[in-house]
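2 protein chains.
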Amino acid sequence: MQSGTLDVVGIGNAIVDVIASTDDDFLAKHGMNKGAMTLVDEMQAEIIYAEMGPTLVNSGGSAANTIAGIASFGGRTGFIGKVRDDALGTEFRHDIVAVGAQFTTMPATSGPATARCLVLVTPDSQRTMNTFLGASAGLGADDVDAELVRSAHITYLEGYLYDAPSAQTAFHLAAEIAHAAGRRIALTLSDPFCVNRHRDAFLQLVNRHVDVLFANYAEATALLQTDDRAAIVERLRTLTDVAALTFGEDGSLIVAGDAAIEIRAMRLKSVVDTTGAGDLYAAGFLFGLTHGASLHDCGHLGSLAAGEAISHYGARPQTNLRELAEKSTFLPSGG
Amino acid sequence: MQSGTLDVVGIGNAIVDVIASTDDDFLAKHGMNKGAMTLVDEMQAEIIYAEMGPTLVNSGGSAANTIAGIASFGGRTGFIGKVRDDALGTEFRHDIVAVGAQFTTMPATSGPATARCLVLVTPDSQRTMNTFLGASAGLGADDVDAELVRSAHITYLEGYLYDAPSAQTAFHLAAEIAHAAGRRIALTLSDPFCVNRHRDAFLQLVNRHVDVLFANYAEATALLQTDDRAAIVERLRTLTDVAALTFGEDGSLIVAGDAAIEIRAMRLKSVVDTTGAGDLYAAGFLFGLTHGASLHDCGHLGSLAAGEAISHYGARPQTNLRELAEKSTFLPSGG
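Respectively, the protein sequence lines represent chains A and B.
Numbers 58 to 392, taken from the numbering used here, label the letters of the first sequence in order.
Numbers 58 to 392, taken from the numbering used here, label the letters of the second sequence in order.
Same shape as in the complex, but just chain A:
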């Protein structure tokens, strides 16, 4: 490709996070499934918002967080996702453009409002999410900017988007465009409940199209219908080229061909909010992968970025990840 070549283009939900701290009683009272992402309609979102505490608002969305993380490492990025032409949509656009990402998706001018995710953080630093998908679910094949996808070494797909039917079509189209241009496809499984909702479609997508897979243990278990770690690893070897299997504070395992590389988790300071840990792990990993790092160093860059994300409220980095990485030994030379 020409000089416009990007490292990673993300395709995902265009969501603004609305974050409040809460307690277990609040989750119980509202019948919320701790640690999970639940889809809600606009009315439910309004009810939860009215009852939750004072909020911090910043742009979110799993793949968009990953893109912001890659940009913070100094990577060249793009993003495809749907907002409405409203105040939250303007905020989402500002924030993704401000990190330097190319964002060409046109906002919807009618229909539901920009997506928001009500994030409730309990004292154990776990986040429980209630997402109103709104305009984001309107993403379709027409929104896949073929030139943007072709220009990126890796196109990164957000599993959550499988909850929006037209987005499934967009995923497959993007994967075909990318592979036709000799590029790679990465996917995050996003959430065990989401995997359960779309297991067969996910298996088919991974099998046909995915070169790099991100999953935590619960998501891998949901996909492969086994909680036996050895069995999961063996299945992943055959399903995809590279799989990064994450285990929260127990680190991660990178499976590629015959190799299985153990990576430890990193903690920068006290854990405040685990929102974005997985998204930022993927950011460090994909930045490394597109800059010639070994899989071992990709994993450590992922741990580093995840460690930063969990040290404050909100998923996107508040520290320059490039500067953080330069203090480590994992940054590829010239990368």
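Since the hints were derived computationally from the structure, they do not count as laboratory data.
Source: prediction; values computed, not measured.
One or more hints might be untrue.
No farther apart than 27 Å at their CA atoms in a straight line, the calculated lysine-lysine pairs in the DSS-like style are these [unchecked claim]: (1) B:Lys326 <-> A:Lys326; (2) B:Lys326 <-> A:Lys384; (3) B:Lys86 <-> A:Lys326; (4) B:Lys91 <-> B:Lys326; (5) A:Lys91 <-> A:Lys326; (6) B:Lys326 <-> B:Lys384; (7) A:Lys384 <-> A:Lys326.
One-sided excerpt, in silico: chain A residues whose CB lies under 8 Å from chain B [what the hints assert, rightly or not]: (8) Met109; (9) Leu113; (10) Ala125; (11) Ala144; (12) Leu145; (13) Gly197.
Sample of chain A residues lacking proximity to chain B, with all beta carbon distances greater than 10 Å (derived) [claimed, not checked]: (14) Ala77; (15) Gly92; (16) Gly110; (17) Asp181; (18) Gln375.
Glycine included, every Cβ here is placed at the ideal spot set by N, Cα and C.
Given chain A, put chain B in place with the hints provided.
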């Protein structure tokens, strides 16, 4: 008063903060006065927003931050301030009601948008603020809920509001209502540039109406036209009953009658963003003052709350100040 009695009602700008980290070059390029608050019009606000980095958005406003802090200590609070009926106005209302404050001011249904403050945080943790006052400047005497003011032991006035002419009238009305009910008036001078803009009006207000005055050294210098600390202290003794003079990381000095009490600053962990340090100092102080604490302990509760505020982005507390205070020795028994 009946059971509805409140500790503190704040009257101030109803502002949403839009916070980004930046560097000194950005401030220089835009001719910004580091550490100061500058008023901008909506067009200038749009231009700065378009060029600033990814943002965190949360409710702000100096007196509103103080009210949120007092509520976090467990105090009973109210707030008077003007938003518009737009998305940011809804966010401001949600957040002040969510902390438990009584907020009865009607939103404007026409005219300028809800106020926002673009906060730029440099690596030295200083914040430089560009404020579009919008709907907030429309606060007038009609918005002063006399019953709310009468019900509060202390009515706390935000000096920044002096930039809005109709708000000056509202201040004097609130002060007269409060004093007629045997209540006390507190004032923060807010900003040295604001004091310079309205010096005579401030001197008259302090002399006539203010029982408790908050000022940092630069603001006191601007008000009293001397930078001699001993001279400032002597003038403050005659101007008001209690004055809390703050010196940033060098702590504060409480002047009351013949007494002058030195209070040290507190630092909980590393300093991230000094936005809200003064607002939260006032919160701790006023919570103490309305709960029978000694002036010494009021000062230390102020330092404690300020120390929490500067440990993260954003001015409002992210930790329960009540729990923090319970670990200290400064909380009055039964308070």
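Notebook entry, point to check: Beyond 10 Å from chain B, beta-carbon-wise, is A:Gly92?
Noted result: At roughly 21 Å from the nearest Cβ of chain B, A:Gly92 sits farther out than 10 Å, so the non-interface label holds.
Item checked: Proposed interface contact between A:Ala144 and chain B, which counts if any beta carbon pair is under 8 Å -> holds, 4 Å
Check: Given A:Leu113 was flagged as interface, is its beta-carbon under 8 Å from a beta-carbon of chain B?
Finding: Holds. Min distance 5 Å.
Margin query: Quick check on the hint: A:Leu145 CB to chain B CB, less than 8 Å?
Written below: holds, 7 Å
Check: Within 27 Å, alpha carbon to alpha carbon, are B:Lys326 and A:Lys384?
Finding: Status holds; Cα separation ~21 Å.
Next item on the list: Sort out whether A:Lys326 lies within 27 Å of A:Lys384, counting only the CA atoms.
Entry: holds, 16 Å
Check: Once the shortest beta carbon distance from A:Met109 to chain B is found, is it less than 8 Å?
Finding: Because about 7 Å separates A:Met109 from the closest Cβ in chain B, which is inside the 8 Å limit, the hint holds.
Next item on the list: Could you let me know if the closest chain B CB is still more than 10 Å away from the CB of A:Ala77?
Entry: It is violated; A:Ala77 is separated from chain B by about 8 Å at its closest Cβ, not greater than 10 Å.
Check: Within 27 Å, alpha carbon to alpha carbon, are B:Lys326 and B:Lys384?
Finding: OK: B:Lys326 and B:Lys384 at ~16 Å, within 27 Å.
Notebook entry, point to check: Minimum Cβ separation between A:Gln375 and chain B greater than 10 Å?
Noted result: violated, 7 Å
Check: Given the proposed pairing of B:Lys91 with B:Lys326, does the C-alpha separation stay at or below 27 Å?
Finding: holds, 24 Å
Margin query: Given the hinted pair A:Lys91 and A:Lys326, is their Cα-Cα distance within 27 Å?
Written below: holds, 24 Å
Hint compliance for this structure: hints 3, 13, 14, 16, 18 are broken, all remaining hints hold.
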